[in-house]
Amino acid sequence: MGLFLNIVIDGTAYGMILFMIAVGLSVTMGLMRVVNLAHGAFALVGGALAHWFQQDLGTGFGIALVAAIAGTVILALPLELVLYRRIYRMGELQQVLATIGLTFLFIATINLWQGSALLVIEFPQALRMPVDLGFRTLPAHRLAVIGLGFAIILFLWWLLDRTRFGVRLRASVDNRDIAAAHGINTDMVYLATFGLGAALAAIGGIMGSELLPIEAYYPLRYMVLFLIVVAVGGMGSILGSFLAALGLGILETAARYLLPDAATISFFAIVILLLTLRPNGLMGRV
Amino acid sequence: MRDHLVPIVMGLVAVGLFFAFPYDLAFLTRVLVTIVLVLSVDLVLGYAGIPTLGQAAMFGTGAYAAGLFAIHVWGDPLAGLVVGAVAGAAIALVSGLVLMRTRGLTVIMLTIAVAAILHEIANRARDLTGGADGLRGIRMQPVLGLWEFDFIGRTGYWYALVVVIVVYVGLSILTRSSFGLGLRGIHDSPERMRAIGAPVYWRLVTAYTIGGGIAGIAGALNAQITQLVSLEGFAFSLSAEALIMLILGGTGRLVGAVIGVALFMTVHHFAAANDPFNWLFVIGAMVLVVVFFLPQGIISLPGILLRHLRGGRDADRA
Amino acid sequence: MTAISRFAPALALGIVVAQAAVAEDIRVGVIAPFSGPFAQYGTQYQQAIEAYQAQHGTSAGGNEIEFIYRDVGGVDPDLARSLAQELLIRDEVDYLAGFTFTPNALAVAPLIEQSQTPTVIFNAATSAINRDSEFYLRTSYTLWQVSAPMAEWAYEQGVRSVVTTVTDYGPGIDAENAFVETFEALGGEVLDSIRMPLSTTDFTPYLQSVLEQSPDGLFVFLPGGPPTYTFTRTYNENGLREDGIMFLGTAETEESNLQALGDPALGLMTAYHYSEAHDSEANAEFLATLRELHPDAIANWASVGAYDGVHLIYEMVEAAGSDGPAAVQHALGLEWESPRGPVTMDPESRTVIQNVYIREVIRNPDTGLLENVEQGIIATVGDLGWDR
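Protein chains in written order, with my numbering: chain W, 1 to 286; chain C, 1 to 318; chain A, 1 to 388.
In isolation and in its complexed conformation, chain W is listed as follows (with noise of 0.2 Å):
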């Protein structure tokens, strides 16, 4: 019983912080439909930020975090304008090609600004503390992740589903000609989005940095990861990458109390099994 609830606890929590940096990916490669490699690069700009506004000038963890969050988005926007604009048009490999080489200037822009060290950002105390859930204690950190995906599931729920901006951006996807001619400004859409996607990109970056540090090679180090996130729960499904990621997380996190040395082989497996049973993804549109 304790083994069960520790991995439900654990995993949970581990799956909140894969849906917590994919979730971005799912914008703008699930629902926008772009191959965008350079996700990570987005996370490692907020992650960056956030250090250097903590570390260098001092600020506090809320401030460093709104702060990093602003700027990732004020430099996304120019990007969409300019770029990703053109690459949406794109075939799918020339986005990879597109999206991949940005990734290399981003790596090396900030190993040029802060070096290839680890880039810490320090979680305030009361995040930091361990909470005593009666049988076990679990840090704090960990809780106010578990906590703030929900949030942003529901926001997106919300935002999505709830809003006129969800019916034009589902409209924009669909067929972008025919919501133009339905007098949708598919361009501010798609911008917005795109800056969405940047912000969570942001936020899980900075809030998932615990698990996945910061430092100039995290875009490459863990593409796998938010890729497989996104392609399990389906394209196009937010709810979809949310499940996946908790799913994941508890298999994973279950492989690593039960089967220890072999938790990669487990997990490789598992998303083979899923992706055969499932080829569009939990939740997939075909």
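One or more hints might be untrue.
Label pairs and their computed distance ranges (CB to CB) [to be verified]:
(1) C:Leu128 - W:Gly91: 37 to 47 Å
(2) A:Gly262 - C:Val94: 41 to 51 Å
(3) A:Ile68 - C:Val289: 27 to 37 Å
Some chain A residues near chain C, calculated using beta-carbon distances under 7 Å [claimed, not checked]:
(4) Phe34
(5) Asp71
(6) Gln85
(7) Pro103
(8) Pro110
(9) Gln114
(10) Arg131
(11) Ala277
(12) Ile362
(13) Arg363
(14) Asn364
(15) Pro365
(16) Thr367
(17) Leu369
(18) Glu371
Please keep in mind that the hints were generated in silico from the structure rather than gathered at the bench.
All C-beta atoms in this analysis are idealised placements derived from N, C-alpha and C, irrespective of residue type, glycine included.
Since the structure of chain W is already known, use the hints to place chains C and A on it.
For chains C and A alone, kept in the frame of chain W given last:
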């Protein structure tokens, strides 16, 4: 350039490079081995339209198979190549039976997962593979019993060159056969091919298996020439770089693979030697320039230039 | 090889005599990561080499010494081999040096064997490497060398039960074997040996299992960077420290990572051969020169491995010039005062015999920085893994 001229030109260039850069054979040989790997990606991705980020699975398998074969069974290079090819093809066939039922991003993720699992298996089967230290103690017999592998790497270079040309010619025959034309049809429109009764699934599995065999040859070649096999043969970065090189050069044309590899590796070689800290800037910029200005890859450059020249002349006349 | 080594001494004599008269230009090829996630190690090698040159000039015994740097990017044995080949053939180097990772070092064995090139390993710490060629000389350490003394010290401190958690690849297994064998021989009990996959990002499940077995100590081996960062945080936040499970490590608190680890690193115990805070004249001089050239430089295992490696190369060049076998012969048994303390090049294992210190991470009240403070020498040892 006509396709059947390519291997001849390639051979001539390679002979020229041999005499022009006699001290850089190690690097040039790496380029040749990588060309074989990227050719296999071109068959799978460029012709059959199967998106893959896991060609390292077959490269690594071929390398370990050839390495183990040389150590435990027989040190003959050609026999080792055959073993590598069979091993690579076998892995591709087994995984392909599952992979070819899916499409798009799912295939990509599955190919990554297969390579990751093999990587971990090779890491854990330490007694057999040497684990993270790599498989060592590979001693090759002379090629065809005539040419010893030498310190400077002359034999290795010629040997790799011959393998590249044989693979290239083989692939250009294959891609122009009815099988190859069928693949192109599937690439362009799988639905139409299915509608006219073509066995799409089995053709894809076959193409993936042949691609796997060629990747296995690349791995085996690498193992024989460097006398070692490492876990890096299964690395995601190898698959990713192979894909980048192919798209840079241009997919769906064999010569694209050759040009992409030559360009990427040469730029990397010089950029990394001169300023290792910042070579990612150079590669990143190069990739972006190509994708924005030559979306069909470097191979489209002559055509575009030609059109511009002609366009210019036409404009003069008008 | 046997033929070569038999003739080597005779050959060496002849050349050493000749050398006294003719000065040579000696080239040293340094193969190390200068790009990618491990770029700082290559930079540290280069900085240490420059520091040594600033102190001792650029020639030894009248021979001008030039260093040629080549970037291997990371773990890439193929590239390491190809770079070595290029350095030996085109640049005609007389010595090779560098090598951060074991697979890269192992990859050049056939080449240095054939060309009789002395190869000084600045880091790669798996015992088995030096068995592959007589031309390897190691100025770093081996995992046995530091892990076995850690087990002895822990037992002395009253630690009787231990769980080992190591990363599941060559060096991790080496460290685990060394610790477990030594600890059990002393009468200690190893409750569990956990091997964690290299790609592990969340260590909570492993550490939760450790917590539930509540051993006296936790022996750890992790690669530097993100895994160490996450692991030490999880160790603190999941109550292992509170439970008094002593952290027993080796390279985890090395200086290039240490400040990033932050407060969670306080009090961690490690056994290792070098601390930037080592109190000696040689270390003070080394650090002074290093900081003069590179004010932001951090000194750690990479720096001291390279610094001593260059010293060894200077000694060899002075005695034997470009004659590989004679140079190696001269290096064997050589003693010198390193920034880490006194060292001797073991004639048998060709790895330095050195002090291993037990250190605790403490915040220096003056600078406010974390330091590995030495609590004493626990052993003066050669490569204990050589005979395994």
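Okay, the hints, checked on the actual structure:
1. C:Leu128 - W:Gly91: 37 to 47 Å: holds (42 Å)
2. A:Gly262 - C:Val94: 41 to 51 Å: Check passed, 47 Å falls within 41 to 51 Å.
3. A:Ile68 - C:Val289: 27 to 37 Å: holds (31 Å)
4. Phe34: With a closest approach of 4 Å, the Phe34 (chain A) hint holds.
5. Asp71: It holds, given that the least Cβ distance between Asp71 (chain A) and chain C is near 4 Å, below 7 Å.
6. Gln85: holds (4 Å)
7. Pro103: With Cβ-Cβ at 5 Å, under 7 Å, it holds.
8. Pro110: holds (6 Å)
9. Gln114: holds (5 Å)
10. Arg131: With a closest approach of 11 Å, the Arg131 (chain A) hint is violated.
11. Ala277: violated (29 Å)
12. Ile362: violated (33 Å)
13. Arg363: violated (32 Å)
14. Asn364: The hint is violated - Asn364 (chain A) has no Cβ within 7 Å of chain C, the shortest such distance being about 30 Å.
15. Pro365: violated (36 Å)
16. Thr367: violated (28 Å)
17. Leu369: violated (26 Å)
18. Glu371: Hint violated; Glu371 (chain A) Cβ to chain C Cβ min 28 Å, cut 7 Å.
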